[in-house]
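Asker: Since chain X is already given, all that's left is putting chain U on it; use the hints.
For the protein sequence lines, the chains are X and U, in the order given. With this note's numbering, the residue at position 53 of the first sequence is 53, and numbering never jumps. Numbering-wise, this note's numbering comes out as the position in the second sequence, counting from 1, plus 287.
Since the hints were derived computationally from the structure, they do not count as laboratory data. None of these values were measured; they are calculated from a predicted model. You may find that some hints are simply not true.
[As the list claims (entries may be wrong)] List of simulated lysine to aspartate or glutamate pairs, DMTMM-like, C-alpha gap at most 20 Å: (1) X:214 - X:194; (2) X:79 - X:97; (3) X:214 - X:262; (4) X:121 - X:131; (5) X:214 - X:224; (6) X:57 - U:521; (7) X:121 - U:574; (8) U:441 - X:64; (9) X:57 - X:76.
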Amino acid sequence: MERRTFDMSDEVLVVEGLSAGYHKNQNILTDVSFAVRQGEMVGLIGPNGAGKSTLLKTLRGLLEPLSGSVEIGGRETSKLSSREFARQVAYLQQNIEISFGYSAREIVMTGRYPHLHWWEKESDKDAQIADACMAYTGVDDLTERPVHMMSGGQRQRVLLAKVLAQQTPLLFLDEPATGLDIFYQEEIFRFCRELCDRGKTVLMVVHELSLASKFCSRLMLVGEGRIISDGPPSAVMTSENLSRCYGVPVRVVQNPTTGSLEVFTEPPPDNGRHALLLDTILGRGEA
Amino acid sequence: MRLGNLPNALVLPVLTVAFIGVSFLSMSCGQVDIPTENILATFCRATGLPFLSEVPVTSVQEAVLLHIRLPRTLVGLMVGAGLGTSGVVMQGIFSNPLADPGVIGVSSGAAVGAVTAIAFGLSETSLLALPISALCGALATMTLTVFLAMRHGKIPMMTLLLAGVVVGMLLGAVTAGILTVLNEQLIHQYLFWTIGGLDYRRWDHVALGVGPILGGIAVMLLMARHLNILVLGDVEARAVGMPVARYRLGLLAVASLVTATGVCISGNIGFVGLVVPHMMRLIVGPDHRRLLPASLLAGGTFLVFCDAVGRVIAYPIEVRVGIMTAFIGTPYFLWLLRRSRNKMQ
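Looking at chain X on its own, in the form it has when it is part of the complex:
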């Protein structure tokens, strides 16, 4: 697996003073700066609504930055054409609906779009790349199946094949594993790990904290409108950081057998109100 032929010191993504949000003067994130090197697998973690997806969308240029700059491969992204941008970064959105009955192969082929001029059609080489991507993510037996008729796990692997077919140095994945069976979840992370070892750079929004700490090389904890903590998983995933960010008591424990970090929340203190509410819910209250 360890076949590093690239230089880990290359900064492929540089973010400076970035503020992001959907409306002016309503920043979700303010003055965020960081740099990502080639081969890093960065997990963006944090509570719902903290701005992880907003950050990813802004980095990909799908949202206009409110201020600050994003550089990818040494070039300011605001100066890239749509096509050039899509050859640098592939983006997997969360909860995507594929209507009209497109087949898996047709969807994966769309990943070749930024490599073609508007008058060109896909060549045999494009077809080979798409096939290889589908074989890699294990969906080569589903090529003709409409994507809307697939299970969540199958669909996600098709979409992963699509972003791989884009052949970009960077991959931005928004919750690629959410809602999948445990096996498919781990598999998505394993694919990313392998790709990063071979020189791709992955930024992913994740909710599965244990998996994130096991597979990611670096975590960024997003909260309070900024990046609270940034570093290797062991440094970021502390009880203190998580409790503060998620606003509930969180305990991080190292599993003695596997060595991986496990995360538990502690229930908030009960003052007897719950018992009363439960009586009502279960219909056992007094008439």
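Answerer: This is chain U only, laid out in the frame that chain X set:
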């Protein structure tokens, strides 16, 4: 997983044969019967080819064919093909299988143009006054709808859809208002236009439609691969590097122009633009590189077939094509829909 017993490679050839076959059917049947042989002989004579000169063609047959049936058939093929392809494109642009080519107010705009031409007596002055006035109405409405929906240089599709509906309602009221002050004969003339028909179509109508419709169809066919991307929605299309706004507005303009031209030279023919793309999607799948040519051929075939049937079904009365499309199309479409639902389960 897809419908249809025909292998994909056979669909386009079969449709092409149907397209040509229906054209001949339309040229041969009607008040004056013209056998296929005579049609071919007339064409040969008209173009100076030395074939079939032994076939006797009466001068009535020749006149009916060259001055009535041929332009009528050509208008039908063109309008049907145009409505079929622009229906596909509209459904693609809006990522909505229920979008109709008239969705941004084209038909209601054309209606205002038509009723104005009738009210001011313009339609009496020349054969083309009504279609041209309707075309102006349609194009003006299209522009108005797009401007109403535009905000900061962007056009949210939902807003555009709603703007189209609202503008359509307003113009419907305008049309109704004008109609209330017209006399019975003029109202009848308008009613005739709204139902949509191919009768009395002359070479002038062919000349008016051929440029915008064939040009528009060519552009849409060239953009087939891009439509495959656009259909996936805004974010997905931008993620693979498509300048979405530019493509969407361009295709919207082309599809609307083709629809508007079609509506103007043959009146309002509903159904073709909505249902033909649906039927073809069920048969050839969603890839626009097959879907667009299939809808083009099927649209033309369907419209001309409906027209031919309408001519003979209640002879000597002619049932107008706008009525026939609904009567023939609805049962077939319902049958396809039920079948596709059964297959999916």
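Asker: None of the hints should be skipped; say for each whether it holds.
Answerer: Outcome of the hint check:
1. X:214 - X:194: holds, 13 Å
2. X:79 - X:97: violated, 30 Å
3. X:214 - X:262: Holds: residue 214 of chain X and residue 262 of chain X sit about 10 Å apart, inside 20 Å.
4. X:121 - X:131: The given pair, whose Cα atoms are some 16 Å apart, holds under the 20 Å limit.
5. X:214 - X:224: At roughly 25 Å apart (the allowed maximum being 20 Å), residue 224 of chain X and residue 214 of chain X break the hint.
6. X:57 - U:521: Holds, because 13 Å separates the two Cα atoms, which is no more than 20 Å.
7. X:121 - U:574: holds, 13 Å
8. U:441 - X:64: With Cα atoms ~13 Å apart, residue 441 of chain U and residue 64 of chain X stay inside 20 Å; holds.
9. X:57 - X:76: holds, 16 Å
Hints 2, 5 from the earlier list are contradicted by this structure; the remaining hints agree with it.
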